[in-house]
Amino acid sequence: MNTEERDLLDEALRRATSEHSGAALDAALARLGWHDALATEPRTAVSLLFEQQGRAATTSSALDDVLVAGLGIDDARGAAVLVARADLCEPPGKGGEPVIVDGLGTARILEAEYTLVLGRAEDRVFAATVRSGELVRRPVDGMDPWLGLVEVTGAASAVSPARSVDVGMWRRAEAWARVAVGHEILGASSAMLELARRHAVERVQFGRPIAAFQAVRHRLAETLVALESARALLDVAWVDAAPDAAALAKAVAGRSGRTAIRHCQQVLAGMGFTIEHPFHRYVRRVLVLDEMFGSARALTAALGREVLASRQLPPALAL
Amino acid sequence: MELDEFRAALDRWLDDQTSALAPEDGSGTLDEHMTQLAKVKRLTFDAGFMRYGWPERVGGLGGSALLRAYLGEALAARDLVEPGIYSITETLAPTMIDYAPPSLAADMVPRLLRGDETWCQGFSEPGTGSNLAALVCRATRDGDRWRVTGQKVWTSLAQYAQRCVLLTRSGAPDSGHRGITALFVDMDSDGVEVRPIDTMHGPPEFCEVFFDDVAVPVERTLGAEGQGWQVAMDLLPFERSTALWHRAAHLQRRLQDLLDVVPVGALEPAEVGETILQLAAFRARSRATVHRMARGERLGPETSVDKVLVAQADQAVFDLVAAALPAELLLGDDLAGARWRTEFLFSRAATIYGGTAEIQRNVIARRLLDLGTDG
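Line by line, the protein sequences are chains P and Z.
Letter by letter, the first sequence follows residues 1 to 319 of the working numbering.
Letter by letter, the second sequence follows residues 1 to 375 of the working numbering.
Treat the hints with caution; some may be incorrect.
To be verified - DEER-style ranges, computed between Cβ atoms:
| id | chain 1 | residue 1 | chain 2 | residue 2 | range |
| --- | --- | --- | --- | --- | --- |
| 1 | Z | R57 | P | D10 | 18 to 26 Å |
| 2 | Z | H291 | P | G72 | 28 to 36 Å |
| 3 | Z | G300 | P | R198 | 21 to 29 Å |
| 4 | P | R124 | Z | A47 | 34 to 42 Å |
| 5 | Z | E225 | P | R198 | 40 to 48 Å |
| 6 | P | D74 | Z | G62 | 43 to 51 Å |
Because the hints were derived from the structure by calculation, they are not lab data.
Since the model is a prediction, treat every value here as computed from it, not as a measurement.
Idealized CB from N, CA, C, for every residue including glycine.
For reference, chain Z alone in the conformation it holds in the complex:
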């Protein structure tokens, strides 16, 4: 199916299904967001839309990745899903398709696409934030099983997740990026403990995850032993293409929501114009990246530019919200006020998560500008 045809069919279907797709209670809690996400995924999967852009061997209907880029855009633009929690599909399904044994991918990916399951991504650790290759969560071979012991942190949605794509240290402690192995772990395994982290923006979507001698079958290895760094790096292009495009749609929606309610005279034209420009620039950049990905081009360090731009646009939009609606943001205790506040506070992390703004600039300096090593 071509993009134009898909777009028209999906838009029509979304119009028809408005009431079926609407959130149940509008309480804005994380539980509600997760219920809503599962519902929207199930309905879009059953109607076929969620299956486009994914290969048939994992329950997809084939077609360009542009189709799923548009699906997420349309859902975010209609405020039906929050793109942050939706993005797990965009990043982890490709990992499974590329690195899981084919039968495992065929069994598992449809559950993720249909919203029957939530997955999480066990990468960061207390001692390894920006320096991911220094991770220490230990995986030791024990016959036909791995035994995993260690701790992960900032694991999104782990308390809801049935599975985890987990990076472990299988080589010597000093083996760096060569000694990392990726595993697909059942979260109900003995020895897995999840503790949500209370964060300043409200919803406890990040967790600490503890692994205490957890047994993982060897056939749950993603890629080969020692290939985990490549698994992690190959996930990046997806995190930086479709997922960011969806974020752009969400920001566009929230900026329009702001314009609908902004009091006359509350904002200077120049600051409004500036925010629109930042968002437009990010969107144009992201569009080019999504098209490159869909054409099969290999995405690399240049996606750090996209990451810098999304963070700037995100913070610009919510800085504008703060300037326009100080009373709602600071004093509002109704749902709308609470939502602006949560989103404003979460936008402060846009320059931290997924590789800090400083790490992105380091990558740009070294890989794109060829400035050599620093320090």
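Isolated chain P, as found in the complex:
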């Protein structure tokens, strides 16, 4: 994809994500050829869509497609994907027994006929296809009712024997999902910064825009620095050979999102605290996204534990 094609896709995604959400956005993505882009240029497709989706605070079930593409399981295209919340002791549904399910899915799981359940057992990863209708599906309101998450529990029988997933492919899928969610956090955080920036320039107190006060300026500058560091790591996550690159990027994105919430909320003050103002949508979105595929807190501690145990830093990013 050359720069012009990339810009065209970005603009089409900007329009789609700002005009549609949920199933309508899924349909719009299919119409504009996003899935083809995902198949040929995952980096461009993932980074552009999720950043725009974050910016617009809309939602889709594209994360399921990212996981399937990352796993390279071609015959699962279009299925809902469920990543089991905890490690399993037994491979799911290996001998035809029911697959016990506990996880969070996108809204696709309410509509799709089949769900691909991914579970880890010891060091192996398994995938089992089940009928979505057999699962107990609870649409989650929670902190962010607009995100369309679905809590899934219960048991369902596998429609075919569970298959073993190559661990390298699982890591790739997880890395892509982390980068996708990282970009969504970045998009949402950029939107918060823009809301706060505009407010600071327009809001007059003591006879001047509050943007004239250094305390306000420095909070917004701090936010931009946080977002730029997340962007730098998300950009290299695709080229960095280090296996943890996506986890690092997701951790910094989550932390940056929380930094954006803290500073932008303070600058927006009372205005940003009302329900009419869009700010709260972004706060809710970022808080939930940070928890998906490893929170900043969890990933940071895991990285620290690993490094303390091995006494080896992750390989340094090469020039």
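Model the placement of chain Z on the given structure of chain P, informed by the hints.
For chain Z alone, coordinates are given in the frame of chain P:
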């Protein structure tokens, strides 16, 4: 030469030359660091590596700036040079290449690259720290010479330097950034006096420099009269690209050194993870900036983000050292303890030198976020 080829050749050569490149006595003094720097520069120049990334007209062998970015990285990662004193090359050679008369650049730059000479950068003054454009060190035209009178401060390595890239006030006192002229001054000129400043971290690498009616030939003017502000601003992209990338390599090395000796249980996983993330974020940002510079893009106020990140990463690394090795840091009188202490204390200045953390945030607010003027 391409980066991959350069990297492989340099790594091989550095492996072969391990003993030739090693510091002589390991005393850790500034004198030793300067001797070591000169030696490493001479050996890398004579082997050709130091000449890549610089134009042929100043003794270079051409090629992308990525090559010299990698050279400094490799030297810092192997703990062969301290990147702070090495960075003078990265910042002052481009200034000479862009602004000195061509014959002067051709004569002088190879001396800097080969480590035959040390140069210094006379910018800050007692009355102008963050507000550089208010400098007052006076340059008056006297026929075919400038006569310079004034004082500089925080001039790194001036006591070792043969030359100084000096910013002077050539216009009216209130001429601001328009009335500044950059000069290339021989430090052995009559009327130049250097006094090292004792600082809390130990090595006296900063100096006061006094100029008392010092004569500087007009052909030593860098750029045109009154163009000094542009000279100073054009130096910034180099200070914020390759030089910071080298700093990242140094911090990575010292963090690994810490991991090699940290007592079990001395650190919380979360604080270790946090420091690694800060360093990784800075390194990723710096890498993008170095690549932009090497592609010929014009670097501007966005490099203030790099500066904020390097300062945070620097302090995070040495905060971690302080948490992990309190006895060494506070009580250690051996070389290792003294080095951790010096570096910890120097890291406190990371948010001060090269434009304070507050100045960087002001630049970000005004130039990147378009928040208008403050106050």
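Evaluated hints:
1. Z:R57 x P:D10: 18 to 26 Å: 42 Å, violated
2. Z:H291 x P:G72: 28 to 36 Å: 30 Å, holds
3. Z:G300 x P:R198: 21 to 29 Å: Because 23 Å falls inside the window, the suggested range holds.
4. P:R124 x Z:A47: 34 to 42 Å: 50 Å Cβ-Cβ, so the 34 to 42 Å window is violated.
5. Z:E225 x P:R198: 40 to 48 Å: At 44 Å between Cβs, range holds.
6. P:D74 x Z:G62: 43 to 51 Å: With Cβ atoms ~48 Å apart, the hint holds.
Of the numbered hints given earlier, the model fails hints 1 and 4; all others are met.
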